[in-house]
Amino acid sequence: MEEKFEPKIAAFVCNWCTYTGADLAGTSRLKQEANARLIRVPCTGRIDPVFIIKAFENGADGVLISGCHPGDCHYNAGNFHARRRWILFKNLLDFIGIDSSRLYFSWVSASEGKKWVDIVDGVIDAVRIKGPFKQYKKMNKEIEIPVAVEEGVSVK
Amino acid sequence: MNELKQICKDALTEKKARFIIGYKEDKNKRVKPFIAKTPEDAEKLTFSHHAVNNLAVYLSRFKNNIDGKIGIVVKSCDLKAVTALIQENQIKRDDLFIIGVNCSGVVLDVAKEFNKDNTQIKCKYCQAKTPPYYDALAEESKEFEMPDDDQAELMAKIDKMTAEERLEFWNAEFEKCIKCYACRQVCPMCYCEKCIVEKSEPQWIDSSSTSRGNFSWNIIRAFHQAGRCIGCHECERACPMGIPLTLLTRKMGMVAFSEFGYRHGTSLTEPTLIGTYSTSDKEDFIK
Ligand code: SF4
Ligand code: SF4
Ligand code: SF4
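Chains as they are written, first to last, in numbering that gives the first Met the number 0: chain A, 0 to 155; chain B, 0 to 286.
Be aware that one or more of the hints could be misleading.
[What the hints assert, rightly or not] Pairs of lysine to any residue, SDA-like flavour, derived with a Cα cap of 20 Å:
| hint | chain 1 | residue 1 | chain 2 | residue 2 |
| --- | --- | --- | --- | --- |
| 1 | B | Lys286 | A | Asn90 |
| 2 | A | Lys53 | B | Trp203 |
| 3 | B | Lys178 | A | Asn139 |
| 4 | A | Lys136 | B | Lys175 |
| 5 | B | Lys175 | A | Glu141 |
| 6 | A | Lys137 | B | Leu95 |
| 7 | B | Lys68 | B | Leu95 |
| 8 | B | Lys15 | B | Glu2 |
| 9 | B | Lys281 | A | Asp71 |
| 10 | B | Lys141 | B | Ser103 |
| 11 | B | Lys115 | B | Met145 |
| 12 | A | Lys113 | B | Lys175 |
| 13 | A | Lys53 | B | Lys281 |
| 14 | A | Lys7 | A | Ala76 |
| 15 | A | Lys53 | B | Ser199 |
| 16 | A | Lys133 | B | Ala171 |
Think of the hints as simulated: they come from the structure by calculation, not from any bench.
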């Protein structure tokens, strides 16, 4: 029997707004799907695009990035710098073949617990419909540990 | 031709430049980079359709102080790299003696004669055959018939593919990569003392040439060039595996222009694209 596909979502969230917003969703006992792994970063400006690639390498089917609304950044301009970078990176990934059905962006403030739930659920649903990121997983597979090593043969 | 030799000779005699980075023809008739240190050396300097190298790459590797100015022979495309390096504070305009050359196209295959079918991609859409600024100018400007810009056509074709097809296309290309880093070494804008691919704690990019490592390497390199690449096409020329690297960097240049009206290597003083932001940057993709 075919198992139901549950997508893995890597969500990079900033400490000051979205993480706190997600926390608020939790303390308010709002229901949300559990497929997103949250990775807390000090600021969206800290998100090097290599993180996104790393997430896909580690088996993510989709990536969500979220931080403070423009003007609300704890460090004043981190999210403005990030936004500019995203525009470039998003276009690059799109040209390479990782389009906006795998990569999502949002602004969620510390008080927007409900918005966070809606966004996360929306992303999870969309990626679930899209299906597993087979092409990337195929690339990842190539370097999985060979069977012999798994069976206890020392590689050292 | 003699004009170039004369200019360089004078510059070296009058100490307008400490040395001159230029081209010379070797015994096999191959035009190669050459550093002229004395007026006699200047006799060997040359320029032709076979002067393919972007010599600005040497500038970004000079980190120590040089007593006097560095002379450099540049085509208009190479000058953009010089401009970008000045803009990125890697070198000072005052430390340079720029010898611009009027260029009428360079070859793709150095073993063959220059003609319409043996022209570098960049020449097909080159806007300025004469460098926009210089300390001295050599060579006559010649008209030449411009072949079709087939790279733009390929780009449009890729744009029309589905995401899956695009990924497949790039995967097939990147799979060929042998991680020799020639693309990085030859690039005037890849001047980091420690490249991200060499960082091991944590290791961001697999350094072995697996599909996965190749994929991230090529994406990240292209991203580091987004809005910084000046389009000299040296990376693609150097790539032993024939990966169409400039498709990516040129695309990013086009994005930088369409999204931000920014063209790298055209201003000495404008803030760099990534080094600044605007509160009105587009955000229709952010929920
Ligand atoms: S690829 Fe990136 S990190 Fe490496 S040298 Fe180029 S710009 Fe620097
Ligand atoms: S990325 Fe390639 S085309 Fe762009 S500046 Fe570097 S070598 Fe030249
Ligand atoms: S020059 Fe080509 S083969 Fe070498 S690292 Fe760059 S892309 Fe890979």
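Q: Starting from the hint list further up, note which numbers the structure goes against and sort them upward.
A: 6, 12, 13, 14
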